[in-house]
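J.: In case you want the letters, here they are:
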Amino acid sequence: MKIKNIMIRDVTSVLATCKLVDLIGILSRHKITGLPVVNNNQEVVGFISLHDIIRATLPNYLGIINSDSILSEFIQLSKSLKEYSQRPVEEFMRKNIVTIDEDNNEVLAADLLIRNEIQRLPVLRNGKLVGIVTLTDICRVLMNNNENNN
Amino acid sequence: MIGTITLNPAIDVILEVSNLKINHYNKVLNAHTTSGGKGINVSKAIRGYGRETIAVGFLGGGRGRMIEEELRGLGITTNFWHIEEKTRSNTIISDKKAGEHTLLSEPGPKITEYDLEMLKSIFYRVMSQCSAVTLSGSLPRGVPVNIYGDLISIAKERGVKTILDTSGEQFIKGLEKRPFLAKPDLRENNRVFGIKIDKERDAIKAAKEVVQRGAEIGVVSLEQKKDIIATRDEIWFAETDYHEIVNLIGAGDALIAGFAIALTEEGKNLEEAIKFSMACALASALREEEEFSSREEVEKCLQCVNVKRL
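Which chain is which? The protein sequence lines are A and B, in order.
Taking the numbering used here, the leading residue of the first sequence gets 1, the next gets one more, and so forth.
Taking the numbering used here, the leading residue of the second sequence gets 1, the next gets one more, and so forth.
If you are wondering where the hints come from, they were derived from the structure by calculation, not from laboratory data.
C-beta atoms are modelled at their ideal positions from N, C-alpha and C, and glycine is treated no differently.
Where hints are given, some of them may not hold.
To be verified - Here are some chain A residues pointing at chain B (derived, C-beta under 8 Å):
(1) Arg9
(2) Val11
(3) Ser85
(4) Arg87
(5) Gly127
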């Protein structure tokens with residue numbers, strides 16, 4: 001099945017110049033944890049997620065999340081976040097990210113998602129963002145296919 | 001891709017009752033919700049015909065997310081700016097026994113300057129993917145009347161054809177930025193530029209003035225089933241010869257969708273574009289359900305449209 005028939009048809013994204021505080025507002029209102037970063041022509045130039053921000057503001061935080069020292073680190077994290085709130089997304093985003101064309105199929109998408117250990121894959125048409133595909137979307141399609149085959 | 005902008009969308013809650021009694025307990029026979037707003041309806045009609053479309057505008061809260069889900073389910077791409085306040089809701093009580101419809105309309109949410117700035121940034125980026133954009137409908141609180149003019153300027157800067165369909169001061173201000181096609185929304189008082197649109201000559205006068213004030217094509221509807229279309233050098237008259245209209249809600253939006261499709265298809269001249277748009281409106285008016293017409297339904301309606309140059 002073609003990705004264009006599976007993808008989430010939403011192109012919510014931010015510019016690389018977007019401030020972290022604005023990005024958090026967008027993620028919160030959309031109830032998502034990450035989104036593509038684009039230029040003014042809707043070409044994807046990066047991807048930013050909450051994990052990227054936490055990793056950048058407090059590199060040890062994700063490693064000690066289950067240890068006793070989490071509380072003191074958490075205070076440090078909140079201080080860092082406040083300090084970084086006016087910094088642009090481009091300082092924290094992942095660059096050279098993996099994307100997929102809308103005419104490719106679910107097998108390639110699943111391979112890219114698993115191989116690169118990522119949750120979301122921006123979908124492109126003529127090099128411009130037209131949607132997002134996740135492993136959940138692919139699993140849903142595969143399960144429905146199996147149900148139909150049975 | 002064809003873009004649409006909806007600044008004041010709504011969730012329409014339709015409650016069917018039999019013999020509504022005020023101050024009494026009333027049982028609802030059937031209830032359903034659907035997304036509303038002129039631009040959203042245009043996107044639905046474009047998608048119904050099979051073309052790619054992207055809906056842009058303001059949404060807020062759970063209702064906003066519900067609208068997004070519905071549109072994506074229909075195959076419409078979304079890129080809304082989510083605001084602090086929630087999207088409004090319209091409740092329509094449809095009394096089956098009395099044959100009456102009562103509309104309870106909530107005021108729109110408050111839009112801030114920051115929201116407007118963010119919307120314009122999204123709009124600028126989305127225009128890089130579009131060949132045409134429609135700008136339709138009312139404005140929520142806090143949005144200045146020159147907003148459509150600003151958006152038309154952005155779209156033109158990016159080489160995108162613009163179609164304006166609104167009423168009042170925002171229509172007049174939008175015309176100043178010279179959209180490609182403009183149609184006044186006459187639903188509220190059947191009047192534009194102080195002209196009351198009762199007869200064919202009134203519609204011709206108004207359509208000419210739309211062109212004179214800046215649009216390349218002016219469209220004015222007359223008695224719901226006829227349209228006058230003016231350009232700098234020509235006046236066209238279009239009407240349908242089908243009389244079993246069942247649902248006029250959304251027909252005007254389907255007309256706008258038709259123009260957006262036709263004007264971005266290569267090789268279609270103005271006469272063909274008018275005929276196609278009227279067929280889109282007729283196909284919508286023949287449907288009892290709120291879903292928009294398919295390509296087959298539109299093509300069937302083409303033979304029921306008469307277009308002549310005056």
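J.: Which constraints among the numbered hints does this structure fail? Numbers only, ascending.
T.: 3, 4, 5
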